[in-house]
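Go ahead and model the full structure; you've got the sequences and the hints to work with.
Each chain is listed here by its residues.
4 protein chains.
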Amino acid sequence: MMSHQQHTELLNTLHECMEACNHCYDACLKEDDVKMMASCIRTDRECADICGYLESAITRGTPYVAELASVCAKICEDCAAECEKHDHDHCQQCAKACRKCAEECKKVA
Amino acid sequence: MMSHQQHTELLNTLHECMEACNHCYDACLKEDDVKMMASCIRTDRECADICGYLESAITRGTPYVAELASVCAKICEDCAAECEKHDHDHCQQCAKACRKCAEECKKVA
Amino acid sequence: MMSHQQHTELLNTLHECMEACNHCYDACLKEDDVKMMASCIRTDRECADICGYLESAITRGTPYVAELASVCAKICEDCAAECEKHDHDHCQQCAKACRKCAEECKKVA
Amino acid sequence: MMSHQQHTELLNTLHECMEACNHCYDACLKEDDVKMMASCIRTDRECADICGYLESAITRGTPYVAELASVCAKICEDCAAECEKHDHDHCQQCAKACRKCAEECKKVA
Chain A
1 MMSHQQHTEL
11 LNTLHECMEA
21 CNHCYDACLK
31 EDDVKMMASC
41 IRTDRECADI
51 CGYLESAITR
61 GTPYVAELAS
71 VCAKICEDCA
81 AECEKHDHDH
91 CQQCAKACRK
101 CAEECKKVA
Chain B
1001 MMSHQQHTEL
1011 LNTLHECMEA
1021 CNHCYDACLK
1031 EDDVKMMASC
1041 IRTDRECADI
1051 CGYLESAITR
1061 GTPYVAELAS
1071 VCAKICEDCA
1081 AECEKHDHDH
1091 CQQCAKACRK
1101 CAEECKKVA
Chain C
2001 MMSHQQHTEL
2011 LNTLHECMEA
2021 CNHCYDACLK
2031 EDDVKMMASC
2041 IRTDRECADI
2051 CGYLESAITR
2061 GTPYVAELAS
2071 VCAKICEDCA
2081 AECEKHDHDH
2091 CQQCAKACRK
2101 CAEECKKVA
Chain D
3001 MMSHQQHTEL
3011 LNTLHECMEA
3021 CNHCYDACLK
3031 EDDVKMMASC
3041 IRTDRECADI
3051 CGYLESAITR
3061 GTPYVAELAS
3071 VCAKICEDCA
3081 AECEKHDHDH
3091 CQQCAKACRK
3101 CAEECKKVA
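Taken in order, these protein sequences are the chains called A, B, C and D.
Quick note: the first sequence, position 31, residue 31 per the working numbering, numbers continuous.
Quick note: the second sequence, position 31, residue 1031 per the working numbering, numbers continuous.
Quick note: the third sequence, position 95, residue 2095 per the working numbering, numbers continuous.
Quick note: the fourth sequence, position 28, residue 3028 per the working numbering, numbers continuous.
Note that these hints are calculated values from the structure, not bench results.
Worth double-checking, as some hints may not be accurate.
Label-pair restraints from in silico Cβ distances [stated by the list, open to error]: (1) K106/A / Q3006/D: 27 to 35 Å; (2) E3009/D / M1036/B: 36 to 44 Å; (3) E1084/B / Q3006/D: 19 to 27 Å; (4) K107/A / D2089/C: 44 to 52 Å; (5) D2089/C / K1107/B: 40 to 48 Å; (6) K85/A / A2109/C: 37 to 45 Å; (7) Q1006/B / A2066/C: 23 to 31 Å; (8) D3087/D / E1084/B: 34 to 42 Å; (9) D3089/D / K2085/C: 24 to 32 Å; (10) D33/A / P3063/D: 39 to 47 Å; (11) K1096/B / N12/A: 28 to 36 Å; (12) Q1006/B / N2012/C: 31 to 39 Å.
Remember, it's a predicted structure, so these values are computed and weren't measured experimentally.
Here a beta-carbon is modelled for each residue, glycine too, at the ideal position from N, C-alpha and C.
Below, the structure written as structure tokens:
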């Protein structure tokens, strides 16, 4: 069985998290108070990029799922913690996607 | 409406194409006759990477959907043409995903 | 001769541009008036990512140097135009790196 | 001082390693005995991609240098070990770049 078939749930979760983080990044840059969102913009990019990276790596059969998922889980948790500080819908949705993704990542880390 | 909401079908297709290309890459490297698959391995990586790139770029609201999709369409077509030369299931499935993705990319290019 | 040896100057320029854009992104997020820098933050990320992508693609012998460089040139020009609006040192330096990179990209596009 | 200024040596080493791995990947796919190089092709891509990822992440001021460098060091070591099995110039040069990069990564991990 190939790596990407073993990790269907993780792949879906990573994908949703990448989308939620990039959406939150985009929306934060359109907010009136961008300064308040600076940390969120930064962590959204970090989280979107590592989720996208891990997703692609799993589908190509990387032997480093555990190592990468461990880093990804930490970044997802930090991003969730940052997003939870803000009431915007995009932040709240992003926080949920990050929490879920951190949990899935920990299962394989 | 945000960019990623305008491009739901394209995003799904890019995602499936990225997965199919990376799966094909992985499977080609496990074939008995790897030499015959060398061009396929190479184009699979090119295609998986640009599809993943464009997918991520759309979700962050890139203003360059058309330009990137134009390049992506060309790479998808080349990857489809290469995969169609081979009878392996992973190649045939990858070719289909690439053809579909090329079509979706052309709609926005 | 391999692709990365034919493109030494382009590779150096892409690399400097990626660094300048990511540095500018980082510095913009630390400015007092982040809102004024929102477009710059966004275009810095777009430009850094495509420059890094093209750089990596050239070193792996991609057959798509011309197509990717054409998109990259456009993004570099847009990023330069945005950065030139701002007096911050990081913006001015980024604008220069982007102008130079756009020129190098056009040579192969 | 910004993150990318603290990590000049690491950035250079990551960059050289990314280039060496992608060059080795490209050259392996052109060898007569591609099958013998299958593991090398795979690990070259893994290593090139994580080195490029970390390099870009450092220049944008990522707070995750240590975590990412730890994963990168492991992948560099595995890639070096694989490349050292082969006499091709590109493999030997890649192995050296990977060993050096693993050392630099460990300093910050």
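Hints, one by one, checked against the model:
no., hint, verdict
1, K106/A / Q3006/D: 27 to 35 Å, "holds (30 Å)"
2, E3009/D / M1036/B: 36 to 44 Å, "holds (42 Å)"
3, E1084/B / Q3006/D: 19 to 27 Å, "violated (50 Å)"
4, K107/A / D2089/C: 44 to 52 Å, "holds (46 Å)"
5, D2089/C / K1107/B: 40 to 48 Å, "holds (42 Å)"
6, K85/A / A2109/C: 37 to 45 Å, "holds (44 Å)"
7, Q1006/B / A2066/C: 23 to 31 Å, "holds (29 Å)"
8, D3087/D / E1084/B: 34 to 42 Å, "holds (36 Å)"
9, D3089/D / K2085/C: 24 to 32 Å, "violated (48 Å)"
10, D33/A / P3063/D: 39 to 47 Å, "violated (22 Å)"
11, K1096/B / N12/A: 28 to 36 Å, "violated (21 Å)"
12, Q1006/B / N2012/C: 31 to 39 Å, "holds (37 Å)"
Hint check: violations occur at hints 3, 9, 10, 11; the rest are consistent with the structure.
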